[in-house]
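K.L.:
Listed below are the residues making up each chain.
There are 6 protein chains.
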Amino acid sequence: MRDKKCAMIETAFLAEEIEYTGAELRSHFVRERSGIEWDGVIAFVGPCGVAGERLVDLEDAEEQHEIISKRMLHFIAEQFQQPLREGNVRLRLFATIVKETLEEMSPGIEIKRDGDDLFVNDRKLTVAICTSSPLSTLFHYGININPAGAPVAAVGLKKFDVDPKRFGLAVLDRYERECESIERALRKVRGVS
Amino acid sequence: MRDKKCAMIETAFLAEEIEYTGAELRSHFVRERSGIEWDGVIAFVGPCGVAGERLVDLEDAEEQHEIISKRMLHFIAEQFQQPLREGNVRLRLFATIVKETLEEMSPGIEIKRDGDDLFVNDRKLTVAICTSSPLSTLFHYGININPAGAPVAAVGLKKFDVDPKRFGLAVLDRYERECESIERALRKVRGVS
Amino acid sequence: MRDKKCAMIETAFLAEEIEYTGAELRSHFVRERSGIEWDGVIAFVGPCGVAGERLVDLEDAEEQHEIISKRMLHFIAEQFQQPLREGNVRLRLFATIVKETLEEMSPGIEIKRDGDDLFVNDRKLTVAICTSSPLSTLFHYGININPAGAPVAAVGLKKFDVDPKRFGLAVLDRYERECESIERALRKVRGVS
Amino acid sequence: MRDKKCAMIETAFLAEEIEYTGAELRSHFVRERSGIEWDGVIAFVGPCGVAGERLVDLEDAEEQHEIISKRMLHFIAEQFQQPLREGNVRLRLFATIVKETLEEMSPGIEIKRDGDDLFVNDRKLTVAICTSSPLSTLFHYGININPAGAPVAAVGLKKFDVDPKRFGLAVLDRYERECESIERALRKVRGVS
Amino acid sequence: MRDKKCAMIETAFLAEEIEYTGAELRSHFVRERSGIEWDGVIAFVGPCGVAGERLVDLEDAEEQHEIISKRMLHFIAEQFQQPLREGNVRLRLFATIVKETLEEMSPGIEIKRDGDDLFVNDRKLTVAICTSSPLSTLFHYGININPAGAPVAAVGLKKFDVDPKRFGLAVLDRYERECESIERALRKVRGVS
Amino acid sequence: MRDKKCAMIETAFLAEEIEYTGAELRSHFVRERSGIEWDGVIAFVGPCGVAGERLVDLEDAEEQHEIISKRMLHFIAEQFQQPLREGNVRLRLFATIVKETLEEMSPGIEIKRDGDDLFVNDRKLTVAICTSSPLSTLFHYGININPAGAPVAAVGLKKFDVDPKRFGLAVLDRYERECESIERALRKVRGVS
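Chains as they are written, first to last, in my numbering: chain A, 1 to 193; chain B, 1 to 193; chain C, 1 to 193; chain D, 1 to 193; chain E, 1 to 193; chain F, 1 to 193.
Just so you know, these hints were derived from the structure itself, not from any lab.
Worth double-checking, as some hints may not be accurate.
[To be verified] In silico lysine to aspartate or glutamate, EDC-like type, Cα no more than 20 Å apart, as pairs: (1) D:Lys188 with E:Glu59; (2) C:Lys112 with B:Glu176; (3) D:Lys124 with D:Asp161.
These figures come from a predicted structure and were not determined experimentally.
Extracted from the complex, chain A is given alone in its bound form (with noise of 0.2 Å):
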């Protein structure tokens, strides 16, 4: 039994096209798009468009801001049963991996993580958040394709020549793989004094 894959998370890139309005950012939007019975993420293309009541960030709903971008690359994650302490600092990681992966797709391009967000020459090229359901924590990532719209400067994948489909699986695949090896890194140590 011993080569049996054993995964925390399980992911899926959908193929229709789905406008994030914040309201997405809830308990078994994943298992609905999906399927997925588990912790997962899925990913997906669509326009972005959130205000009012749908930020979950006080400081954007503070300062009224708005989150526009004509075409983004989109991540949806749930974990259940997970502490949303643990989840900011998964979020933290998958920008991580969101940044690694492009510094491969797009050799030479220079990205700065600032916290969640990455910014290339000054120019914002994602939003992220992390938040609590009664059940599970939840985040959304997403990259700008085409920020036209947006209310900062921004930049986007369609610049840097990079597939949205094939980065989007390359991030799920490397989030999936870095759960995975967290889990085994856990169990491989002895306690100290």
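Fit chains B, C, D, E and F to the given chain A structure using the hints.
P.N.:
Leaving out everything else, chains B, C, D, E and F in the frame of chain A:
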């Protein structure tokens, strides 16, 4: 990616016989003997002799009991980052699975469960204990094959013509599926007010 | 002070009949109906009809199932500050207790457990679900008395001449003792390395 | 079943005198001396002498302090599966209960609390520490009866004509009721948004 | 870097008066009114009137109590990712701090603590409640200044010539230091066996 | 009080050189060497030689590896009451910070991250491990300065003309800010359904 198997635990039935002395109930014994790098349960056959300092159960230790059985089917489970309270509830579910499996393999047998112990005609069939290591929750579940030497009235699988290996594999398989279905169950409900 | 009873849960069998519609699976319903101010389980008799938004089980909701039974013995449990994973393991132990109690009260009956469900001759005897409120873990366990109206092949206690009240009290008593003995079990072991 | 007593902890005042050397602050000491099989607090009278490796408080150990008192009223508590942070908050509540009880038994006394320590006229009345075993959180609370030998200015119950046993029983009773009322408090509130 | 201040909570005394209606006991009220982006406690002065659905305490709600006071000193605390049980223990420690501070500012006063409530000559000085939001544990602690309108025998700070602002600042400062010293305490102990 | 600094961790760069033998990965080593009484990370320079029982990584121990490097920049972190799973996610974020800092200090360098390890041109730059003590989660992160003696192809900071102290201080500062910003992030979001 939908048909990937998401497993919570791996299991293995060991070919070699091992004497259970109590010292085996420690972190990473499962890994060392089976190569499982994940939460896991192993089963093996061997004599049982636990006394003195190796008695994890303080009631036994206080009354200077010894746990002796000429030949037992042993299970050792290790599940990481799991609270001891949950581990004890799981152990009772494991006892239930042992009972159900034996009822199927030996039709007509009448087994009584008392907590994590099983009895046939008031004779003790099993020993069980759940404890913590610094990194995990562990349990030992021992089922008499030939209970010779036991300090109490006891009975074993031999008497019911049940093959230890076939039986052990069936229990491992059921527990693995039970653990996985618990994970699915907690991910498919709405929260309530 | 040694003989003081340390209880983890209180239980009550309600005199009144109550229809179970799904809305009863919420925090403090146990308290409101029984006055229990502690972790508790109540039992009562009444019809069952759950549909639409009140289906806590997403599999049922997705497939637009309805849960209908003319007369059921219901159990609702609320345990505070308990993780949902542990709650689901407990629910399966509760299913085991229901099975064991019925086997004793109706000798010769053959009951199959599949997760938290019980079947007699492939007919469904029970419905079960475990979920979270913001403050607690809750479960509903319904046992058909007269399953008329059930959308699947079903069977009830009436067929086995089992008195719902006597049965319900026996289950409550066993679950209460099981919960208490789990608490004792986790306090009487040595840790291991 | 409504009037059943739901207790969180059991308590016992030991008849024998025991010297407190620091070695008593370990898992299951409460059980061994009192037979309590639950979360528990014991009280007893005896000298106090803690030095070297047995100093659990690193500040004391670093400065090579010794904790000496000719005669103390000792409390040792063990609460299982309790986080150390919560245990430290409880210890301060215990200090408060000691203070309140002494204020009632010795009217006019002026006691200052500083964290988990109590002082009368700048003289140290108590020593206190909270730590973890692999299975539980433990605390020791020592109240000078006769502080002879203490390395700092100290004072004891004897000076206030307070009977250690009557005092100890009153503190045990209050802490037991406080722990129980905390459990009731967390079960009688609505969650908020 | 040694002298950097490591704080667990921030505190603020608000200049404006705010009526406490119960609706203020929700996540991020502290942030909205004070700009605190961390665990925090705010204090402010204002009338108190809580009834109906806004009664978080089910005992009050069941008995259709109203909480009324003409003028109170209010404290609202929000601590994130904190279990409700720990929050309730902290609330009692907060009650102790209120009591100790008032004893110092009003020498000779005799205050009785009963759980999280304070009484002077059997008159109620305070109201208190601790509950959970989806992201945090919150408490409200209200101290009568002028208890006119209270449905029970009550008393307020005015009677003792205690200035609410000076008093509030002293309580905030003590609670902040108490929380910090708890964090230091749990980091300076050896574990035991 | 708004501009008070709320820090999660303290950091220190030690003036003395220390050989890392594995024994340093224990609770309170950070405190003993730096006086930090809080969650903390220390950095220091010294040789590295870990073998046998001191190998916390069981994979290394099973294969009788030795970890040797003539001169390394070491980091040891201790964070109390932190689950090991979260600790492992943080360690990977720490690896990311090391990578980002080195990319900035040595423009043009190409670093690959694989879990918590970093490589330059397939040469190993780092060693890393995260484990639990009874009271905390600890990690060691070692970065070769001069990798002489390493049993695998390795590379060090010296080759890139990076000053270990300047580099270490930059990493400490970034990790401290990252930890703090994670705490702010989890306090500034609305929960979702």
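K.L.:
Compare the structure with each hint and give your call.
P.N.:
Checked hints:
1. D:Lys188 with E:Glu59: Within the cut-off at roughly 7 Å; holds.
2. C:Lys112 with B:Glu176: OK: C:Lys112 and B:Glu176 at ~18 Å, within 20 Å.
3. D:Lys124 with D:Asp161: Roughly 17 Å between the alpha carbons, so the hint for D:Lys124 and D:Asp161 holds.
Every hint, counting from the list given before, is met by this structure.
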